[in-house]
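Chemist: Take a look at the letters that make up each chain.
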Amino acid sequence: MTFGDWISEPGNVVFLAIGLVMAAASTWVVLTKNVVHAALSLVVTLAGSAALFLLLGAEFVAWTVVLVYIGAVIVLFLFGIMITRAPIGRDSAELDHRRRWPAALVALSIFATMAYATTSLYGWSEEIHLDAPVRTDSIGEILFSRFVIPFEAVSFVLLAALIGGIVLARKDETPQ
Amino acid sequence: MTLNPFLVLASLLFSIGVYGVLVRRNAVLVLLSVELMLTAVNINLVAFGAHIQDTLASGQVFALFVLTVAAAEVGIGLAIVLLIFRNRSSANVDELDLMKW
Numbered sequence: 001m002t003f004g005d006w007i008s009e010p011g012n013v014v015f016l017a018i019g020l021v022m023a024a025a026s027t028w029v030v031l032t033k034n035v036v037h038a039a040l041s042l043v044v045t046l047a048g049s050a051a052l053f054l055l056l057g058a059e060f061v062a063w064t065v066v067l068v069y070i071g072a073v074i075v076l077f078l079f080g081i082m083i084t085r086a087p088i089g090r091d092s093a094e095l096d097h098r099r100r101w102p103a104a105l106v107a108l109s110i111f112a113t114m115a116y117a118t119t120s121l122y123g124w125s126e127e128i129h130l131d132a133p134v135r136t137d138s139i140g141e142i143l144f145s146r147f148v149i150p151f152e153a154v155s156f157v158l159l160a161a162l163i164g165g166i167v168l169a170r171k172d173e174t175p176q
Numbered sequence: 177m178t179l180n181p182f183l184v185l186a187s188l189l190f191s192i193g194v195y196g197v198l199v200r201r202n203a204v205l206v207l208l209s210v211e212l213m214l215t216a217v218n219i220n221l222v223a224f225g226a227h228i229q230d231t232l233a234s235g236q237v238f239a240l241f242v243l244t245v246a247a248a249e250v251g252i253g254l255a256i257v258l259l260i261f262r263n264r265s266s267a268n269v270d271e272l273d274l275m276k277w
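Residue numbers (our numbering), protein chains in the order written: chain A, 1 to 176; chain B, 177 to 277.
For the record, the hints were derived by calculation from the structure and aren't laboratory data. One or more hints might be untrue.
Result set (SDA-like, lysine to any residue): computed pairs, CA atoms no more than 25 Å apart in a straight line [to be verified]:
1. B/276 to B/265
2. A/33 to A/111
3. A/171 to B/251
4. B/276 to B/264
5. B/276 to A/96
6. A/171 to B/242
7. A/171 to A/151
8. A/171 to B/271
9. A/171 to B/274
10. B/276 to B/256
11. A/33 to B/229
All values reported here derive from a predicted model rather than from experimental measurement.
Sequences are here, hints too, so could you generate the full structure?
Modeler: Here is the structure:
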């Protein structure tokens, strides 16, 4: 399958546009000197992933990403940045370690290994056939029938995280 | 749509996240890079789920579980970072050498 065949399909054009935006935004997350810009670039990356989920027919997951990540997690991150007084501004040369090149080498080799390992499973002309998007009510039925025990386990994890967050954030009482 | 471009994009996001985790000094930025890696995992899950077309929609369900655990992780992680900042007035990961031998 040549690139011309690939790009002639409308879904692939949309994928290419979203993928380029996501790659640029995620690179900016790890390269920028401005901490707030890093968080806002993460918003762009997550919005791109939500668009990819819509493209793949996973509507409920897409809107969950928008609500939970862009709505809540990023706000939490911005609070964290402001409370820990992370260096905001252009003068922050101390944001990165000095040894960037070994890290870049590790990341590049991980990319090469993972891309090769996952794409060699299927040929480059392996199509995703989407009949219809998965409806939210069927997701709900699946969650509460087949996956009900993992669902309850995950609710326990959330409860533990809630209690742990309160315990960690509470001020210690001064000893009498 | 073809499957492989999704996998390449997910590996790219994951490796960018690895680079961020390795190179950033601020703990909040390390957590941001971890979020990039989790997003890559979710893209892989949903893409494979759309490809194999199972009736249980396992890919999407597992992506939802990953989202939930990631939300819990961010809450606890930021609480720990705030506690460390309160005690040591620094959130740089290379200055936390209390347990270094």
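Chemist: Confirm or reject each hint.
Modeler: To see whether the hints hold, each was checked on the structure:
Restraint check for residue 276 of chain B and residue 265 of chain B: satisfied, since their Cα atoms lie roughly 19 Å apart, inside the 25 Å limit. Annotation: proposed proximity of residue 33 of chain A to residue 111 of chain A holds, straight-line Cα distance about 24 Å (limit 25 Å). Of the supplied pair hints, the one linking residue 171 of chain A and residue 251 of chain B holds, its CA atoms being roughly 17 Å apart against a limit of 25 Å. Only pairs whose Cα atoms come within 25 Å are accepted, and residue 276 of chain B paired with residue 264 of chain B is accepted, the gap being roughly 16 Å.
Between residue 276 of chain B and residue 96 of chain A, the direct Cα distance comes to roughly 21 Å. Compliance with the 25 Å bound is thereby established for this hinted pair. The suggested pairing of residue 171 of chain A with residue 242 of chain B is violated, with an alpha-carbon distance near 31 Å, which exceeds 25 Å. For the hint linking residue 171 of chain A to residue 151 of chain A, the alpha-carbon distance of about 32 Å lies beyond 25 Å, and the restraint is violated. Our distance criterion of 25 Å between C-alpha atoms is met by residue 171 of chain A and residue 271 of chain B, whose separation comes to about 23 Å.
A C-alpha spacing of about 22 Å is found between residue 171 of chain A and residue 274 of chain B, which places the hinted pair at or below 25 Å, so the restraint holds. Proposed proximity of residue 276 of chain B and residue 256 of chain B is supported: the alpha carbons are some 18 Å apart, at most 25 Å. Proximity of residue 33 of chain A to residue 229 of chain B is assessed by CA-CA distance (about 43 Å); at most 25 Å being required, the pair is judged violated.
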